[in-house]
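With full-length UniProt numbering, the residue at position 242 of the sequence shown is 242, and numbering never jumps.
Warning: the hint list may mix true and false statements.
To be verified - No more than 30 angstroms apart at the CA atoms, straight line, and that leaves these computed lysine-lysine pairs for BS3-like:
| no. | residue 1 | residue 2 |
| --- | --- | --- |
| 1 | Lys226 | Lys237 |
| 2 | Lys89 | Lys226 |
| 3 | Lys89 | Lys136 |
| 4 | Lys35 | Lys136 |
What the hints assert, rightly or not - Computed Cβ-Cβ distance ranges for the label pairs, DEER-style:
| no. | residue 1 | residue 2 | range |
| --- | --- | --- | --- |
| 5 | Ala240 | Ala174 | 28 to 36 angstroms |
| 6 | Gly151 | Asp8 | 22 to 30 angstroms |
| 7 | Ser188 | Pro314 | 45 to 53 angstroms |
Hint data in this document are derived by calculation from the structure and do not stem from the laboratory.
Glycine included, each C-beta is placed from N, C-alpha and C at the ideal position.
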Amino acid sequence: MTQPRANDDLHRIIAEIAQEISENAAEIERAADAKKEGLAPGDFGIAVALTGGEIISAGAARTAFPLQSIAKVFALELALCAIGDNVFKRVGREPSGDPFNSIVDLERTCGIPRNPFVNAGALAVVDILVEQLDDKSQAGAVVEFVQHHAGLTSIDLNDEVLASEHEGGDLNRAMMSFMRHHGNLHSSLDEVMEAYVNQCAIMLDCEGLARTGLFLAHTRRNPDDKAADAVATRMRKLLALMMTCGHYDGSGDFALRVGLPAKSGVGGGILAVVPETAAISVWSPNLDQHGNSMLGVRALEMLAHRTGWSVFGPPMIG
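The task is simple: from the sequences and hints, build the whole structure.
Structure follows, in structure tokens:
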């Protein structure tokens, strides 16, 4: 199939999915395992950024939302750039099977978080960034990274997220104290919390998030170009962790239904990646029991089915 024809098909598919999600939102959420029962379905947005430069979107794709845990992917990229695989001396690479804010695993593993996407792991990653960066850049490193990759002149931070994390971050501080007890947190709790809260509060819309995440799609190795090959190898590591750990204890179900590496956030967003093809962002605010957008997961399932996009087999378009 030629690329123009494939892109025409993709425009049609995305428009159809947005319409079907909107028409059937209540039914979809009733069938899901909602975190809070009885909520009216919220808006839904979707955007696909293709490696060729085109962005295709539908629905509330220009409605901004806080990234929350999606920002953990970008923090991990910065940490891997800074110290390479030494990151994995501080955090594990295995799915947790527990909620994202569980402290239980830390006791089992003597202060080594199960993976970089549970809260404890993300805090350890931020600690690495605070150690590696100077005082002026450490608190805003992920914000600046997102601003650059989204092609924006400025980034807004969500005031409610900033306030709630600063005022109610007792569990995160407890996890940091536990890690410090075991020698796995080196910076001050306040410095780590400031940087962590700032990255959680980043506001983007679906188009901006898809554009930001497009760097993850560049996975083609090139042994003749050592620098490019190193980047592609790093992207593969990030995507592997997104596939196995990106939806916490719902990661296996997501892999089965969608078949793409992805990372969710409790702000209702999900970033998914089709290697060498596209980055996809979906958003809708109502969450399932695992903290994943119910309409977002369903939309990605529909998109993967209709395009054939999957890391487990060849596509039908593109």
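- Beta-carbon spacing of Gly151 to Asp8 - inside the hinted bounds 22 to 30 angstroms or not: holds (25 angstroms)
- Within 30 angstroms, alpha carbon to alpha carbon, are Lys89 and Lys136? holds (26 angstroms)
- Is the hinted pair Lys226 and Lys237 satisfied, with a Cα-Cα distance of at most 30 angstroms? Within the cut-off at roughly 17 angstroms; holds.
- Restraint status (C-alpha distance of Lys35 to Lys136 at most 30 angstroms): It is violated: about 39 angstroms lies between the C-alpha atoms, which goes past 30 angstroms.
- Within 45 to 53 angstroms or not, the Cβ separation of Ser188 and Pro314? holds (50 angstroms)
- Message: Run the distance test for Lys89 versus Lys226: straight-line Cα separation, threshold 30 angstroms.
- Response: holds (24 angstroms)
- Please test the hint of 28 to 36 angstroms on the beta carbon pair from Ala240 and Ala174. Because 29 angstroms falls inside the window, the suggested range holds.
The structure fails to meet hint 4 from the earlier list, while all remaining hints are met.
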